[in-house]
Amino acid sequence: MLRKISLFISAVLVLNILLTGCYDSMEIDSEVYALVLGIDKGVNNKIILSIQYSTYKSSGGGSSEESGKNGEDSQSSSNKISDTNIQTIEAPSILEGIDMLGMAVSRRISLMHTKMIVFSEEIAKEGVGNYIAPIVRYRETRKTMHVAIVKGKAEEFINENKTNIGDSLAKAIELLTTQSKNTGFFPEARFTSFYRGIMSSYESAVAIHGGINNFDKLPKGNHSSTSPLIVDTGFLPDELPRKGVTKREFVGTAVFRGDKLAGALNSNETRYYLLLLGKYKRGIITIDDREKPGNEIAVDIRLGRHPMIKCRFENGNPVIDVNLKIESEIESINSRINYESIDNLDSLDSQIKDYLQSGLNKLIEKTQKELKADIFGFGHKVAGYFPTIQEWEQYNWPSHYPYAKVNLTVDVSIRRTGLLIYSSPFKAWEDKTEEKEGKK
Amino acid sequence: MSSEGQIGLFEAICISSFIITTKIFYTSTSFIVKEVGTASWYTTLLSCAVSLFFFFLIYLLMKRFEGNNIVEIYELVLGKFLGKLISICFCAYGIFYAGSTLREFVEMIKAFNLPYTPPSVIMALFIGVVCLIVYFGLNGISRISVISFFPVIAGFITILVLTYPEYDADYLKPYLGYGINKTLITGVLRSSAYDEFFILTVIINSIHGLKNFKKAGVISLLIAGISFGISVACYLMVFGYKIGSENLSGMFELARVIYYNRFLQRLESIFLFTWVISSVVSVSISFYLPISIYCKAFRINRHKPLIFPFSFLLFLVAILPDNLTEVLQMNLLVIRQYSMFFIYLVPVAVLIISLITRKRGAALNAQKN
Amino acid sequence: MKKDSIFSRALSLITYKNAEKAKTFTIPEVEQSKNNAAGTAQYDNNGQTSKKSVHKNTRIIKKPIAPSEQKNNKSAIKADENHISNNIASNMAYLNNKFNYPDNKDFIIREFIIKGKYKAFLVYIDGMVDRMTINNFILRPLLKDENFVNENEVCELDYILANVIETNQAVKVTKPDEVIEEILIGDTGLYVDGCDYYIFSETKGYDKRNVDKPLIEGVVKGSQEAFNENLKTNTTLIRKIIKNNDLMTEFLKIGEKNNNLCAIMYVKGIVNPAIVEEVKRRISSLKTDYISGSGMLEQFIEENSWSIVPTILSTERPDRTASHILDGKVAIIAEGTPFALIVPITLFSLFHSPEDTSMRWQYGTLMRFIRIGAFFFATLLPGLYVALTNFHREMIPTDLLIAIAKAQENIPFPTILQVIFMEFAFELIREAGIRIPGIIGNTIGIIGALILGQAAVQANLVSPVLIIIIAITGLGNFAIPDFSLAFGARIIRLFFITMGCFIGFYGISLGLVVITALIANTKSFGVNMLEPLAPWIKKSQDLIIRKPVWKQERRPDYLNAVDKTMQPLISRKWTITDAQNPIQDKISSKRRDKDEQ
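As given, the protein sequences belong to chains H, Y and U, one line each in that order. For the first sequence, position 250 (counting from the first letter as 1) is numbered 293 according to this note's numbering, and the numbering increases by one without interruption. For the second sequence, position 51 (counting from the first letter as 1) is numbered 93 according to this note's numbering, and the numbering increases by one without interruption. For the third sequence, position 580 (counting from the first letter as 1) is numbered 1105 according to this note's numbering, and the numbering increases by one without interruption.
No wet-lab data here; the hints were simulated from the structure. Not one of these hints is a red herring.
Sample of chain H residues facing chain U (criterion: CB under 8 Å; computed from the structure):
1. S68
2. E70
3. I71
4. M155
Positions of the beta carbon are idealized from the N, C-alpha and C atoms, including for glycine.
Just chain H, with the same shape it has in the complex (with noise of 0.2 Å):
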C-alpha cells in the first residue's frame, strides 16, 4: 500500500514538473512569421523597423474545397497581390521593436524564418554594425538571411515587396536571390559572409543592392532615327530601363568599407566582381562585334575553372597576380560573320578577352581607387605571407590594398557555337558586293 501511495505521488510529482512545462511549446499558428525586415533611420528614435509576413487567409485545408466550388470566389482570391501584412514602428532597437509590434499584431512575431533584413543606403553609410548585434547573437535569426542596403526608405522598398507569380512569399524571396545565380547582375550575400567581411582582416563585405524603380527611366515616344548598340551597360537600382509589375528590383552590388558603405557597383560591374570570386555561374554578355560595329555578339560565358590568384611582394608591395580561365558558347553572331571557322575563332577569343579584360581591369581600379576595399578577398592571399596574426593585423591590408599592383590574365576559349555551326549571311537584296557564298 505505502509503495503504491509513494509510486503515485512520485508520478504526481513528475507529471507536475512535465505539465506545467511546455514552456517553449507554442502552435504554428499562433506566430506569424516576419519573412522580411527593414531597417530605416529613426527620426524620434534610433530606427524605423518594418516587417512583412504572410497572413494565414483563405485556401488551404477544408476551406479550398469551398473556394472550388465557386469558381470565381478562387478567381477574386487570386486577383489579390499578395497575402502578406506589413508593419511599421519607430523603436529603440530591432528586437524591442518587434516586442513593441506585438501591442498591434494579434499573434507573436517571430524571425525565425526571416529571409531577408533590408537596409536603408542613409543607415549603411553610417555603418550598420549597430544594428546587425541582435541577428548575431539573437537566437531567432538566422545567420542565412539575405542582405540587401537599398536606394531610399527599406519601408518602402518593403511596400513593394509584392509576390506577383505566386502567393508565397517566401519563395518569392529565396527564388528573387537566387536569380543572382542565373544571371550574376547582382551577388548572393549571405548574412554569414557579409558578417564575415565585416569583421575580417581579409576582406571587404558586399550586399546585394536593391532599390524601387518608378518606370520613369524607360525613354517614352520619339524614337531616333537608329537605335545605336550600347554594350557593357551597367545599372543602379533605380535606372533600370524597366516597366513592369514589381517596382523594387535588385541591380548591383553595395560594397563595405568595414561596417559603412562605401559605394556601389553598377549591374555589370558586379558580373566581374562575381567572375574574379569565382561565383559566376552563368550569364549571357554582349560585345560590339569589331569586324562589324554596330553588331552584337551574345556569348554565354562561364568560368573554366577557379580563378588562380597568387600573391608576391615587391619591394614591400604586394603585387598579385590573378588568372581568369572562361569559357563561352556563342549564343549569336549579328554580323553573320564566319566565326565558328577554326581561323576567326581566335579572333572572337581575343574580343571577349579584351572586353572581359577592360571591363576587369575597370572593376579593380575602382574598388582600389574609389571604394578602397578588397571585395575579391585577396587579402586571403597575402596573409599567408605573415606568420603571426599579430603581425598580420597590424600590417593592416585595407590600408595597404589601394597601392597593391594586380596583374589581371585572361584566358578566354570558346568552346561551343551553340546549336549552328556556321553563320551564313544573310540574302543580300542590294547588289552589294560582298562575299556572297552558298550554303553547300
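Following the hints, put chains Y and U in place on chain H, whose structure we already have.
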C-alpha cells in the same frame, strides 16, 4: 571488481572516444580558436600528441602493476590512507567533471532550443536517463555507446560535408596563429581536453587487460585528435579566426550555416539528436567513473545503490555555477586547461615513487602466491 | 508498536535491500565437433558472462515411456495413484472415479470378453477418438478368436500387442498418471484382466483444421503453408521441410489442469545443448493450471515481462520455423495455437521475413531497409511532427510552415490534441476492422479511414497534414513483419508523442536513448536483443544487408552453435572448374585450419 563485467576492445574504444570527443559539440572549438586563432587546428593535434606521451607513461605504470586498476595501484604504492585519499580526489573530480559537462550542455540547449524551460527540468530528465544507463552498469554503458557511436559519427561527418560550400582554406592563414609560444603553451595545457581516457585505467580489469588498454587508449586518442583537428579546421575555414572565437557552439553554428536551396537548409535541429545523444552517453560515462572509483576504493561490490546519492551530487555540481560565464571561465577552464596537472601528473608521480621504492605489482603477486 | 512497524516499513521503502538475484542464463561456447559435443548451461549469479571452460558430457534423452517392468507379483493390487491393479474391477473403479464416470458422459468404458475367458475393456473419451479405428482395427481383431493361436502367454496383453491389434502406434503404459494422460489426449486404452499395465493405441480422431494459408505472415514468393492448431500436424510440417534424422521432437506437458502438450524441436548437432536444456528447464518448471497455447506459454517463459519488444519470435510459418531451427535455434510448438515460438532471437530477426531468403539478395536487402524505415516511421513520425510544429518551427521549410499555419487557422485544437484524436480514431478503425464480421471487415477499414479523415478535415477538426502523418504512421506499423513488434511500436509511439509534446527534439532524443538502453539490456534466452551490434560482434552475414545466400557461411555467432558453419567457403563448387582442382583442396584445408583454430 569482477562484477563490472567484461567488454571488448571496440566497446572500450567507443567509451573512451565518446567521453573525449563530445566536447566538440560544446564551447571547446570556439574557445581554442579564441586562444590560438588560426593555429588551433594543429594545436589540438599537438595536445593529442602530448596526451599520447602521458598515456604512454601511464601505460608504463599500469604495466608495472599488471592486473591492478589505478585505484588499487594508488593504494599499493602510496599506502592505504594516501591512496584512498587520492582516489577520493579523483572521484570528486569525476563528479565535478560530469556536473560541469551537464551544466554546459544545459546552458547550450537553453541558448539554442529551449530558452524558457527551467534548467532544473532539463537537468532532471537528463539525469534520469543518465541514471538509467548507469544502472545497467559498464555493460549497459558500453552497449549504448557502441550503438550511438555510428549515428553520432554520421551526424558529425554530415555537418562537415554539408558545410563544404562555405569552406575557404585561406582562412587558415596566417599559419602560426598568435605565435609559436602561445601555440605550444596552449597545446600542452589543452592536452587536458584529452585526459578522459583516464577512465580506461579504472576499468582496465574489464577490458581484458593491458593489451586492450593500450590499443583502446591509443586508438581513441587518435580518433579524438583527428576529429578535433578536422572539425576545428573546418570551423576555421567557415568562420575565420575572428568571428570564429565569438560563437557559443562551433559545431552548432556550422550546422546553422548549411544552406543549399530552399529545401535543404535549416537542418540544425536534426543535429540536435546527435548532440543530445552524445551528451547523454558521455555524461553517463563520466558519471559512472566516480561511482566506479568510489566502489573500488571502498571495495563495494555493487554500484547500483550508489547511483541515487551520486545523482544528487551531480545535480548539485551542475546547478552550482551562477551563470554561463562562470561555467565557461571557471569549471571548463579547469577541466579543459588545467586538469592535466592532476590527471596526468599524479599517476606519473606514482610511477616515479614506485620506481624509487621498487614496488612492483607482479612481484607482489608472486609473493602472495 | 504499529507505528513502529509503519515507520520501519516506510524506512524499508527508501533503504536499499540487496535483491535476490535471479539466475541469469548465458549461452556457453562449445567446441566444434559434430557429435557428442555438448555444453551445460551456465548460471552465473553475478549476472555476468564468464568464459569458463566447457564441461563435456553426453546427454541422455529419456524416452517418453519407461521400459515396462517385469511383473513379479500376481496377487491383486488395489488400483491407486501409484499402481495399476491386476484386477479389472479395481482398475475400472479407479478410472471411473478419476473421470467422475456417471456424471461425465464423455468418458467411455467398453467392456468385452476375449476368447470367452479374459475380461477386458477399452477406455477412451468420446469425440476425441476415431471410431473407425477402434471398431475395425482394435475391437474386431480382439473379438475374433482365430487371432489367438498361442495360448500360453504370461499376460495376454503382450501377446495382443504383438499379434492382434492392428493400429500403427501402440505402447505399453504402466503408470496410472500416464494412463490418464493418454486417455485425455485421445488415445484408446486396452486393459485385460490380470495385467498390471495398459496398451494404448493411437486413435486420435478429433476434428481439426486443414493446413491453410498464412493469415498474418503472408509472402509473395515462398511457401504458402501455415501451422494449424494440431500439434502433430505442426511438427510434421516442420519435419517435412527438415528431412534430417537429427531433428529432435520432444514433448513436454504444460498446464496442470488442462494437460496441454508442447513440442520442442531442434536439430541435434547444430543447436547448443545449453539452449535446449534451458528451454526444457523453464517449461518443465511451470506450475500453472491452464496454458491455452503458445501465446500464454510465451509469457510464462520469457525473460523480461517488462520488455517492450518481444523476446520470443512467434511465427505461423513452418518454413520460417525450419530455417530458424537450422540456424541452431529451438522451436516450441504448443498444442492449440497455430504458432511456433522460436528462441533465442535478436531484434533484427524480428525484421526478417521468410521472403528475404527466397528472393535475390538485392531485393531482400531493399525490403529490409524499407521495413526498418517503416519501424522508424511507425514509432517516431507523430512524435516528430508534434515536436516540429510545437518546438522546432525553424526547421520546417517556410512554404510548408505557412501552408500548415493556413490549414491550422480554422482549427480550434492544438496539434497534440489532434494527434491524440487521430491516433485514437486510427486504432479504433484497426480494432473494429478485426471485430467486424466477414466481408465488411476489410472494406470498413478503408472506408472508415477515408471518410473519417476527409470529414475530420472538412469539419476543421484536424489539419490535413496530420492526416498524412497518421496515415503514413499506420502504414509503417503494418509493414513491420512481426505482429508483437508492431504492438510494441505503438506503445513506443505514444511514448515519443508524449516526449515530443513536452520538450521537443530534446525529449525525443532522450527517449531514443532510453528505449535503446532498455532494449540493449534485454535478453532473449541468454542472447542480447541487439546482439551483433551491442555487444559488438563483427561477423554477421544476414543482419540488415543480406549477403547472397552462397556467402552466408556461418550461423549467427551469438548462438554458439555446435556446428558453426552452414556451408564451406566455396559452396558453389561449379565456380571451380574441376572438382579435383588443387586450389580447392588448398582452400578447404585452409578452411579446416581456420575452423580448428
